[in-house]
Amino acid sequence: MDRGQALLAGKAVSKDFAVRVLDGVDLSLYPGEVHALIGENGAGKSTLMKILTGYQPPSSGEVLVEGKPAYFAGSADAEARGIVLIHQELNLAEDLSVAANIFLGREIRRGPFLDVRAMRDRAAALLAELETHVDPSQKVASLSVPERQMIEIAKALVRDARVIVMDEPTAVLTARESEVLFRQIARLKGQGVAILYTSHKLDEVKAIADVVTVLRDGRHVITAPTASLSVDEMARQMVGRDVSDLFPPKRALMNDEIVLDVRDFSVPGRVEHASFQLRRGEILGFAGLVGAGRTELMEGIAGLRTAHGEVTVEGRTVRIRSLEQASRLGLAYLTEDRKGHGLLLNQTMRPNLTLLDLARFSHILIDEKAEDAALDKAIHEFDIRAPNRDVRVGNLSGGNQQKLLLAKTMLVEPKIVIIDEPTRGIDIGTKQQIYTFIDRLAAAGKSIIVVSSEMAEVIGLCHRVVVMRLGRIMGELEGEAITEEAIVRYQMGLTEVAA
Amino acid sequence: MSSISHGAAPAARWRPNLSALGPLLALVLLILLGAMLNGNFLSYANIANVVARAATMGIIAIGATFVITAGGLDLSVGSMAAFIAGMMIIIMNAVVPWLGTGWTVVIVGMLSGLAIGSAAGALNGVLVTAGRIEPFIVTLGGLGVYRALITFLANGGTLNLNFQVADVFSPVYGGVIAGVPVPIIVFAVIAIIAEIVMRRTTFGRHCAAIGSNEQVARYSAIKVDRVRLLTYTLQGFLVGAGTLLYVPRFGSANSSTAVGWELEAIAAVIIGGTMLKGGFGRIWGTVVGVIILELIGNILNLQSLISPYLNQAFQGVIIIVAVLLQRSRRTA
Numbered sequence: 001m002d003r004g005q006a007l008l009a010g011k012a013v014s015k016d017f018a019v020r021v022l023d024g025v026d027l028s029l030y031p032g033e034v035h036a037l038i039g040e041n042g043a044g045k046s047t048l049m050k051i052l053t054g055y056q057p058p059s060s061g062e063v064l065v066e067g068k069p070a071y072f073a074g075s076a077d078a079e080a081r082g083i084v085l086i087h088q089e090l091n092l093a094e095d096l097s098v099a100a101n102i103f104l105g106r107e108i109r110r111g112p113f114l115d116v117r118a119m120r121d122r123a124a125a126l127l128a129e130l131e132t133h134v135d136p137s138q139k140v141a142s143l144s145v146p147e148r149q150m151i152e153i154a155k156a157l158v159r160d161a162r163v164i165v166m167d168e169p170t171a172v173l174t175a176r177e178s179e180v181l182f183r184q185i186a187r188l189k190g191q192g193v194a195i196l197y198t199s200h201k202l203d204e205v206k207a208i209a210d211v212v213t214v215l216r217d218g219r220h221v222i223t224a225p226t227a228s229l230s231v232d233e234m235a236r237q238m239v240g241r242d243v244s245d246l247f248p249p250k251r252a253l254m255n256d257e258i259v260l261d262v263r264d265f266s267v268p269g270r271v272e273h274a275s276f277q278l279r280r281g282e283i284l285g286f287a288g289l290v291g292a293g294r295t296e297l298m299e300g301i302a303g304l305r306t307a308h309g310e311v312t313v314e315g316r317t318v319r320i321r322s323l324e325q326a327s328r329l330g331l332a333y334l335t336e337d338r339k340g341h342g343l344l345l346n347q348t349m350r351p352n353l354t355l356l357d358l359a360r361f362s363h364i365l366i367d368e369k370a371e372d373a374a375l376d377k378a379i380h381e382f383d384i385r386a387p388n389r390d391v392r393v394g395n396l397s398g399g400n401q402q403k404l405l406l407a408k409t410m411l412v413e414p415k416i417v418i419i420d421e422p423t424r425g426i427d428i429g430t431k432q433q434i435y436t437f438i439d440r441l442a443a444a445g446k447s448i449i450v451v452s453s454e455m456a457e458v459i460g461l462c463h464r465v466v467v468m469r470l471g472r473i474m475g476e477l478e479g480e481a482i483t484e485e486a487i488v489r490y491q492m493g494l495t496e497v498a499a
Numbered sequence: 500m501s502s503i504s505h506g507a508a509p510a511a512r513w514r515p516n517l518s519a520l521g522p523l524l525a526l527v528l529l530i531l532l533g534a535m536l537n538g539n540f541l542s543y544a545n546i547a548n549v550v551a552r553a554a555t556m557g558i559i560a561i562g563a564t565f566v567i568t569a570g571g572l573d574l575s576v577g578s579m580a581a582f583i584a585g586m587m588i589i590i591m592n593a594v595v596p597w598l599g600t601g602w603t604v605v606i607v608g609m610l611s612g613l614a615i616g617s618a619a620g621a622l623n624g625v626l627v628t629a630g631r632i633e634p635f636i637v638t639l640g641g642l643g644v645y646r647a648l649i650t651f652l653a654n655g656g657t658l659n660l661n662f663q664v665a666d667v668f669s670p671v672y673g674g675v676i677a678g679v680p681v682p683i684i685v686f687a688v689i690a691i692i693a694e695i696v697m698r699r700t701t702f703g704r705h706c707a708a709i710g711s712n713e714q715v716a717r718y719s720a721i722k723v724d725r726v727r728l729l730t731y732t733l734q735g736f737l738v739g740a741g742t743l744l745y746v747p748r749f750g751s752a753n754s755s756t757a758v759g760w761e762l763e764a765i766a767a768v769i770i771g772g773t774m775l776k777g778g779f780g781r782i783w784g785t786v787v788g789v790i791i792l793e794l795i796g797n798i799l800n801l802q803s804l805i806s807p808y809l810n811q812a813f814q815g816v817i818i819i820v821a822v823l824l825q826r827s828r829r830t831a
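For the record, the sequence lines run as chains C and Z. According to my numbering, the stretch in the first sequence is residues 1 to 499, in order. According to my numbering, the stretch in the second sequence is residues 500 to 831, in order.
These are computed hints drawn from the structure, not numbers from a lab. Here a beta-carbon is modelled for each residue, glycine too, at the ideal position from N, C-alpha and C. Keep in mind that a hint or two might mislead.
[As the list claims (entries may be wrong)] DEER-style ranges, computed between Cβ atoms:
| id | chain 1 | residue 1 | chain 2 | residue 2 | range |
| --- | --- | --- | --- | --- | --- |
| 1 | Z | Q714 | C | D367 | 26 to 34 Å |
| 2 | C | R305 | Z | V625 | 36 to 44 Å |
| 3 | C | S322 | Z | I691 | 31 to 39 Å |
| 4 | C | E62 | Z | G630 | 54 to 62 Å |
| 5 | Z | Y808 | C | P69 | 55 to 63 Å |
[As the list claims (entries may be wrong)] One side only, chain C facing chain Z, incomplete, derived with CB under 10 Å:
| id | residue |
| --- | --- |
| 6 | V140 |
| 7 | G340 |
| 8 | L365 |
| 9 | I366 |
With the rest of the complex left out, here is chain C (with noise of 0.2 Å):
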């Protein structure tokens, strides 16, 4: 494979932080590549792209721009030889406007004073050319999350980028968004841009990636054309064992016993007239585009939001006001964002995972011992990977985020769960353990919603699916007549599905 020169590579690059989490790995960029970086969670691809961009430097190993030995400062140094990393969160200041972030910096002035038309043109012909149509002086805080995405696009263009790292762009896209950015990757790589780009979806790997790099508990595994080799083959490489099976069978329901019913469920300008039940021992799915109001739905129910209509739990009408009251009825939401909404990032894994019921764990004082048992219940029953117990649940890889929160939701018993996007930013080797959590817990008699935006999820796991679309519930689908297509024409408002 004689490309020329690498624009940047790492060479033999190590990383160690109380463990090695980057042992001598060697990865290429050239120009008008589309380089595809993936592994499970842990493996260290976060890491060799922050060694890549400036943002932590190697233990040992080099970086080499252009075929030299470079030392970052910082990733400020990095950037201005023309490399950048988008982060999974995007880092943007929400209460600037677009075209303020775009050029945040890089300031075009006119004498000592900013020329804010000339960056409100040029940001807004960037804009164009990037087909999101927002308007520059626009706050960024009142943009979607894929018009942020496109908005850090810009910002990387502004800076003459040359390589562009994205940590995993498309884990909150929807399949249509991430289409509008793999048009793009594939302009920037048409002007010789180099990209290295990281997702756990591997099909989609497939479709854009020409090269693909797999990296196993911070060893780098193969680099090969993403032509030879199979989702499935990437996927065994990954995890470094068979993955066939992503999803349990499905079980037949024991009976028709109706759990949940809901009707005429409203949120105020989020969800209208919404109904839907659910029985014992199910897997409900919602699927839906991002802001069709699933969220907004389930967290109406669960008490987090004001809503009204009527919701019957086991036979009884109740208004559920608070989450707590919630909890008390047997119902509880797992929340989507697991890092701003579900853990306590700077704090270790017991009070995590008590903290929902506390009051199970305390008398006057809380019982230490107690809570301790339960996390290594929880441990074990999760299978939950730490190095110690004093480690902070930031430091924690996604995954094993996603299971603590799943055991400190599992820990007040309850009969329904509602898990909203069980799988997000995780890899596939967790997800299966994920997805065997649900099943045993279905099979165990608790009835489980699922709200998810991948389609594989939904038809893979799920007994019935709904589909939402603009805060309204469009249909229902049941065994086999769930399928993508369906449910794409449902997400699209085409009530009449195609016998």
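Fit chain Z to the known structure of chain C by using the hints.
For chain Z alone, coordinates are given in the frame of chain C:
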């Protein structure tokens, strides 16, 4: 990270954490310095005096630790203490004609001090939670209002407690039980209870959860507003309790009573290792912080090389060093 073992994670190993022990280390250094500068420094009388004087500030700073841990702030405590002291004096003087000058009056005064403090704290809490106003603004307002009220009540001068009542009251500050001054006993009891509440009760855990991420707390079925309201009410109650030790010491209150205490309380909390942005608090740290601040003044008074007027400069430097230590812990 998959190379590490899972299942039964190894029990936490204790390792010395310099920044966690920072306040204690600073305290030891100060004591050594004091002992070198003046032979009387380590005498029981001097140390007991320092701790007794620190008691009022210490009790207030313990309240501030809860407020700050839960992500709040209370700038009104100094003015509030002065207002409570003034009200206690007015109330005690007013009931003398009916109740005489015995302990009954003193008890009425103490109960009203605690009640006024709790009410003032609860008012802060209601404005912050139900009123949805930034704690900085609410309590900055309080700082002004209570300061003006004490000046108004004293009519610009000084409120003096009835002399006979003051005599009855004075053992509350000046008394000694089993060789230990009363204020030290009160301070110690409150500190021990507060430490247990912070570390081992649902309330303490909820404070830390709210301070570290309010959304996570809300999504964990914690009644965020109620806990917040409780922290401010507790702060008010403890300002009242601290003032109970202050009034018998001086027997008077005026417009310059307790000026700047709010900043000293916050300083003690920070020196003790509590995060100013919330999410983590420790009471013993605050106790050490208060004693450090008091010791600096004491040491400066016991020597002649450096002017005692530089007291606040030393306090300021110590606060900044404490925050630097906190930062190195975060990035470690």
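Against the earlier hints, flag every one the structure doesn't satisfy and list their numbers going up. 2, 6
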